[in-house]
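Colleague: Here the structure of chain W is known, so what remains is to put chains G and D in place on it, guided by the hints.
Protein chains in written order, with the numbering used here: chain W, 1 to 286; chain G, 1 to 174; chain D, 1 to 362.
Mixed in with the good hints, there may be bad ones.
What the hints assert, rightly or not - What follows is a list of derived Cβ distance ranges for each label pair:
1. W:Glu60 x D:Met261: 52 to 62 Å
2. D:Met261 x W:Lys58: 42 to 52 Å
3. D:Gly284 x W:His281: 28 to 38 Å
4. D:Lys280 x W:Arg241: 15 to 25 Å
5. W:Asn27 x G:Arg109: 23 to 33 Å
6. G:Lys32 x D:Val111: 46 to 56 Å
7. D:Met261 x G:Ser146: 49 to 59 Å
8. W:His281 x D:Arg118: 33 to 43 Å
9. D:Met261 x G:Pro44: 20 to 30 Å
10. G:Lys112 x D:Val111: 56 to 66 Å
11. D:His349 x G:Gln43: 46 to 56 Å
12. G:Asn53 x W:Val274: 31 to 41 Å
What the hints assert, rightly or not - Derived contacts from chain W toward chain G, CB cut-off under 8 Å, selection only:
13. Lys58
14. Arg79
15. Trp164
If you are wondering where the hints come from, they were derived from the structure by calculation, not from laboratory data. A virtual CB, placed ideally from N, CA and C, is assigned to each residue, including glycine.
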Amino acid sequence: MRKLIFIGLIVALCWFAADCAHAADLNLPKDAVAGQPLSIGTSGTGTLYLIGPGQVIKREFKSGGNIEIKGEELRSAGRWIAIARGDVRQSQIFWVKPGKPENLNFLARPSRVPVARPNVITGVAFIFDKYQNLILDPTPVNFNLAVGGTGSSKTVTSRDGIAWTNSASAPKAGAAQFVASVGGTQVRRVVQQVAADPCNLRMHVAGRANNNVVIETDPIRDCSGNPVPDGTIVSFIQTDRSGRSTVDSRIKKGIARAELPVSDNATITVAAGVVLGNELHVGGKQ
Amino acid sequence: MKLVRMLVLTAGVVLAVSGAVPLLKRILADSKPSVQLNVKNAQPREVEEVTQNAILRDYTLAWQGIGTALANNTLQPLNENFSGFALDRLVQRVKDQKQNGLSTRLIDRGHKVEAVFYSPDGSAVELKDTASIETQVLDGGTVIHSDQAQIQYYAVMTGAEDRWKVRVLESSAR
Amino acid sequence: MGRILAVIFAVLTVGLIAIGTVHGSRNAQASTPEGAVQAMFGNAKGHDWNGAYSYVASSSNVDQGGFIRDLTGRNGSLRTYSQLDSVNTRVLHESDTEATVRTELKYATAVGVSFDTRDLKVVKEDGAWKVQWPAEKEVHVPPQVIPVNYLRWDIVWRGAGDDWGAQNVENPNCRILSMNAVERDGGLIIMGEVENEDTVPAFITVGAVLTDNAGKDVAEESSFDKISHVLLPKEVSPYRIDFPGIKKSDVKSVRMTHDWMLVPASADPVIGVLHQRIEKDITGRTVLKGELLNESGTTVNIPHVLATFYDNGGKVIWVSDAYSDHALLPQTPQPFSVALRDDLAANVHTYRVTVNHYSREN
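In isolation and in its complexed conformation, chain W is listed as follows (with noise of 0.2 Å):
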């Protein structure tokens, strides 16, 4: 019984001894970086498979030479498995981090914004290598918004590979730069700031044409003094004894107009959206 126990354990130690000589048959770097050159050390001959998120590399090896994986075929980062077939059969977990910061995938919200709002402006930035790795040590980000050659600048470090900021919008109508950068990688996005509701709407009698009174409105504006963009509807209503007469006008050149019936004696009102501007009596008492 004791001669047994004895033939087990010796066979056991063997075993273990066997495993840990194996284990030694592949050695792989600890620190390895998508993109860069890899050497992973062999000892006898056989396949090796390096199995990792994105692709699989295969390389035959021979009396135990080093294998020479090139950067641009490690693109993957995350874990890798090796497994090597032949002489010796065993396999490993390695692991393979992102590359430096290349690539940035930045989401510019919105595309058109009304001036001066607070906080309206979002910018998200997802960090990448080269092979498109997210990056998830922090990171610095800059992000710039400006428009007219004025803006501002704000540095944000990246959590989990995600860098973001929210901004107000300029009180200046037009297009502003949204540029998120990050080492020598920059990305511009376009974020429209076009005017706000009309502010002070006025309107004066223009004159007389066909038989109609015409009405036009001063220089259409916001409350910051951008013009409201042509192409917004402005809406004229005349009421006298013969009912009301309405044109849903349109902003031309900065300007709307409209022709109405004339009338001996009647009240004309002007409109954009919700805002109200002043009102004129035509025709009678003026």
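Modeller: Below, chains G and D without anything else, positioned relative to chain W:
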């Protein structure tokens, strides 16, 4: 006579077990993994309940799709649940596996997922997933590698036409 | 025997022809004013224009071509997409030589049923009643150049090859300005107004989901054509959503649903709505009447008028619509009429009319 009977019975049991085990593994591979999603710590925006349910459903389907695609070397389950870099990467992995006569069996023992980022416009969400996975690499029908580990994954999901799709899926040693 | 048979067949043939002639003719002389109107429209319904025109009094001063165009429509108007469905007549006044017949024409159109009520004058000519057809004055727009330089909004969407982060053009910001739920005729009606607050055109849809006292969704509807779907910047449209057969007391809450989409659009045409007034029509119903004036240089084939009625607190108390069965020719006023519920007429403090337009592509 008794010995013969025992032998026949043993052979029968061995046969049944040898047939049932791969079948069971196949069923496990094709079934939906268990996913627990916590959205309490999502920043900077709170995840709406409808979005939470949709993400849970679609992330679960994505992992089911990975399992099926890597086990059978098929691309269809990937196209349904992945987009962008994650799709490119997994498609390449399946093609490489097929070319080298390999396949991967994932025995998924569950995911503890935390939403860490939800974009202010609601178009992207980042998940941190602690997954318990047994990985078996097969050369033909032979298992040439097997390990069981807890793996940290970072996934970025973005809204697609009718579902959320995984756009980035990256494991990390962190 | 052969001769007898020949005679029998000849008589039978003549008899059958005679019977056929008598039954097939719809052009028998009308012995009553109502009969004349019915016969005229009966022939028109069957596209027997000669037959229909034979009931038109010579004093009408309308040629057959004009008469046909009056009935079948012109310029791609809604009437050209209509089919006369039924005619109801009632004699309002009758003497030996003339009568007035109220005629309610029901048309099946591409946008639903359309009614046209007219008081037709019927006169006796050569012993038969004939309809004095009120010929429509055919408008001919004088040759001219109408300069139109309004904006057009075209859109370049994000391409398939653009990277994931590249932002697409944003959908417009619109807002439901008001919502009012009322019970009318045993059904629930949700109405209000919606505004495009943005600087780009929007295609909008507004709907509502009703939830019962148990918190269950019981009905879902959209405003369909009781809304202007395309809104230019700062344009306001009414909407009305009908839930027939649902009582207000059975509904705990209303959840508004909407969709705002960016669409290419043109700022043209501008349609003025002139001389709007609330009055009674010939049947005594309350209507909002006025004239539409197409200020652009192209024909608007199917104008759709939407009227919003407000109480003295500025609340929307009714939204009604009407399709005009006449096209809007450039610079030519065209009358319109929109029904207003008689029970609400007294509460109407003010109103607003907007016009949707559908134009056949040239």
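Colleague: For the range 31 to 41 Å, tell me whether the beta carbons of G:Asn53 and W:Val274 fit it or not.
Modeller: holds, 37 Å
Colleague: May I ask you to test the hint 23 to 33 Å on the CB atoms belonging to W:Asn27 and G:Arg109?
Modeller: holds, 31 Å
Colleague: CB of D:His349 to CB of G:Gln43, is that within 46 to 56 Å?
Modeller: holds, 50 Å
Colleague: Go ahead and decide if the range 56 to 66 Å is satisfied by the Cβ distance of G:Lys112 to D:Val111.
Modeller: holds, 57 Å
Colleague: Does the Cβ pair G:Lys32, D:Val111 satisfy 46 to 56 Å?
Modeller: holds, 49 Å
Colleague: Are D:Met261 and G:Ser146 spaced within 49 to 59 Å by their CB atoms?
Modeller: holds, 53 Å
Colleague: Tell me if the beta carbons of W:His281 and D:Arg118 are separated by a distance inside 33 to 43 Å.
Modeller: holds, 40 Å
Colleague: Under 8 Å is the threshold here; is the Cβ of W:Lys58 close enough to any Cβ of chain G for the hint to stand?
Modeller: holds, 5 Å
Colleague: Return holds or violated for the Cβ distance of D:Met261 and G:Pro44 against the range 20 to 30 Å.
Modeller: Roughly 27 Å apart at Cβ, these two residues keep to the hinted range, so it holds.
Colleague: Go ahead and decide if the range 52 to 62 Å is satisfied by the Cβ distance of W:Glu60 to D:Met261.
Modeller: Holds - the Cβ-Cβ distance for W:Glu60 and D:Met261, about 58 Å, lies within 52 to 62 Å.
Colleague: 15 to 25 Å was suggested as the range; check whether the CB atoms of D:Lys280 and W:Arg241 agree with it.
Modeller: Between D:Lys280 and W:Arg241, where Cβ atoms are some 18 Å apart, the hint holds.
Colleague: Any CB of chain G closer than 8 Å to the CB of W:Trp164?
Modeller: Because about 7 Å separates W:Trp164 from the closest Cβ in chain G, which is inside the 8 Å limit, the hint holds.
Comparing the model with each numbered hint stated earlier shows that all of them hold.
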